[in-house]
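Trainee: Chains as they are written, first to last, in our numbering: chain A, 10 to 264; chain B, 2 to 431.
By construction, these hints were calculated from the structure, which means they are not laboratory data. Fair warning: there could be bad hints in the mix.
Stated by the list, open to error - Coverage of chain A stretches by chain B, computed from C-beta distances (three or more under 8 Å per stretch; other residues unrestricted):
(1) 17-25
(2) 35-47
(3) 51-62
(4) 67-81
(5) 189-202
(6) 210-219
Said to hold, decoys possible - Dumping the calculated EDC-like pairs for lysine to aspartate or glutamate here, alpha-carbon to alpha-carbon at most 16 Å:
(7) K131(B) <-> D42(A)
(8) K340(B) <-> E368(B)
(9) K371(B) <-> E247(B)
(10) K131(B) <-> E45(A)
Predicted model, so just to flag it, every value in this text is computed and none were measured. Beta carbons: idealized from backbone N, C-alpha and C, even for Gly.
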Amino acid sequence: MSKPRLGVFKFSSCDGCQLSILDAEEELLELLDRVELADFLEASSASAGAPYDVALVEGSVSTEEEVERIIRIRKESKMLVALGACATSGGLQALRNWSRLGLFESAVYPEPKVARALEKALPVSDFVAVDFELRGCPVSKAQLLQFFAATLRGTKPRFPASAVCFECKREGNPCLVVAGGTPCLGPVTASGCGALCPSRGRGCYGCFGPSDDANLDSYASWLSAHRVDRSTIGLLLKGANSQSPEFRRWIEKNG
Amino acid sequence: MARRVVVDTGPMARVEGEGSLSIVETGTGGPEVKLNIFEPPRFFEALLRGRRAEEVPDIVSRICGICPVAYQISSLNAFEGLFGVEVDEQVRRLRRILYYGEWIESHALHVFMLAAPDLMRVPDAIAMAKRDPELVREALTLKRLGNRLVSAVGGREIHPVSLKIGGIYRAPSKEAVASLLPELDRLRSSVHKMVAFVSSLERPSLERESTLVCLCDPSRYAIDRGEIVSNQGLRLPPSAFEENFEEHQVEYSNALHSRTKGGGSYMVGPLARFSLNYGQLNPAARALAKEVGLKPPLKDPFQSILVRALEIVHALEETAREVREYEEPVRPSVPYQVKAGTCYGVSEAPRGILYHSYAVNGRGHVERAKIVPPTAQNQARMEDDVRLLAPRIMNSDADEARRLSEMAIRNYDPCISCATHFLRLDIRKA
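Work the whole structure out from these sequences, hints included.
Mentor: Spelled out as structure tokens, the structure:
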């Protein structure tokens, strides 16, 4: 059997999720031996180009050029994977979607017209069909490796998006909200990080996006009863996953 | 006169971000050199407005997946300065271990995976691994150690979660930190072979004069704080940065260019640090510098790869010492009161000075943010280097022209995600 052709592509992003591939130091050489690296600009100047069996796409789509490019990559790929929070739900740059772009451009660039950007920075799935999502800001290296292992075997991994609370309980942490009124998105955020923040005594800030069955309205009322004001909840949700339907709906309803 | 594309080699790889380099022979005067950065702008400075100071370190870390620690430290320096926070000495030590980890990871990535393939004339580290698997495996072990240091203190390699204004959420135990020592000690001895390997690779050279700018910290080879100094006699507190360096927008780039007030390009990063802070470099790194024939001041940007390798040695030595001296902090974090004002924070990211400034209101909300990353500062200098190399580039065959131009850019390990990604070389003749 020939090796699957892998493409890794960057859109509007910080590089962190594709760097997670290179951060798999122990597995990297074996992994790269099992695929044909058709395109991975950050790691290699050898570019065999399309078609791709698997395309990993990091970043949100935020310019006209990127719209054209994602449509092209979709056509050239059997399986397209959205890699990380920017690709799955907009990333931090999508916070501009609630502002007038003009205001944002002039805050950074003295001559705003030069920096061309679309009105909104959006998840990849707003433009093309996505076959699989790896969540997180950044993605979990463990999930990334499980994804490769499964895909190389011709199966699909399953990452249940149960709440961070489950991981947090397994770590044996006392609940930050109940015990100390600390704002925490754990009950509405998908697991994947191993309850990294609550295990350090800080509230979850939502890196893996909404959990299955996240009930934002109910949780927000409950938080309010625990002395967390609504503006704090809004700010917490306005993070890397603000464009996920569940988070976005709450933000747009509650400001 | 119609412009003719003589070389168009397509996307340039092994840089962090998207940009392109064009060299156009105009027929009159020198060639026109433009580093085009078309990394899409992400408007971080704008989206920080209205956020609470306490949220800023986590937001700004998302500017860059390669140097998130640098972003966190520069922003913490700014806010802690304004709020009058004195961080526990052991917490400062933890922050330095975290930062050295980022230097080691970032430099190892650059030296062995992004830059060395040029010198070995192969497309990537995978091809290097076929030729010298032992070397690449050891380089990856080094990179992994950098990442282990970051996660030991920060919780994870990319976008660590442990730092806060006033200190650290939870300090790791003495045992957890001490468990890093065996691997540190092993690499402290094996890294010498890697430095010798890098120094054995044939490099181009370009002797030129340049303004060099870095931080200077009386207590150590600057990393987590310092005053701004230059080889032109400049010595400034961080608050005077904007009075002495200016950002300009150019029509072909989504990253702003920095220049000195006098209009000249300047260089930040390893070459500047080595040249100006050599006396504070760890003795082991200095001894190796002597062995490989490097002494300050350095004028050749092609020596950057070797200086990064030496800074890895420095970081390993310093980290081992910090790890041995670590005691769990009495006060992992100290309380603080927000107050209104403008604040400034700098630190030495792996690629050079990272400057932050924030205006904060009485409720602790950000009203204005300004961030000047090292790659933006180096852009004009990168173009100047390519301009100086242009005669050599124009006289080379297409492959060599591309290699030389790309190396001139990679010398700076540009992080275009920071500066706003995609380098395409496009040499045209009039």
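Trainee: Does each hint fit the structure? Answer for all of them.
Mentor: Hints versus structure:
Under the rule that three or more residues need a Cβ within less than 8 Å of chain B, the assignment of the stretch 17-25 of chain A holds, with 7 such residues. Three residues within the 8 Å Cβ limit are the bar, and the stretch 35-47 of chain A against chain B gives 5, so the coverage statement holds. Coverage of the stretch 51-62 of chain A by chain B holds [criterion: at least 3 residues with CB-CB distance below 8 Å; count 6]. With a threshold of 8 Å between beta carbons, the proposed coverage of the stretch 67-81 of chain A by chain B holds, since 4 of its residues qualify and at least three are required.
A stretch counts as covered by a chain when three or more of its residues have a beta carbon under 8 Å from one of that chain; for the stretch 189-202 of chain A and chain B the count is 1, and the coverage is violated. Using a Cβ-Cβ cut-off of 8 Å, 4 residues of the stretch 210-219 of chain A lie near chain B, which meets the minimum of three, so the contact claim holds. Between K131(B) and D42(A) the alpha-carbon distance is near 10 Å, which keeps this suggested pair within the 16 Å criterion. Between K340(B) and E368(B) the CA atoms are separated by roughly 13 Å; this keeps the pair inside 16 Å, and the hint holds.
Taking the CA atoms of K371(B) and E247(B), the gap is near 12 Å; set against the 16 Å cutoff, the hint holds. A distance of roughly 15 Å separates the Cα atoms of K131(B) and E45(A); the hinted pair therefore holds under the 16 Å criterion.
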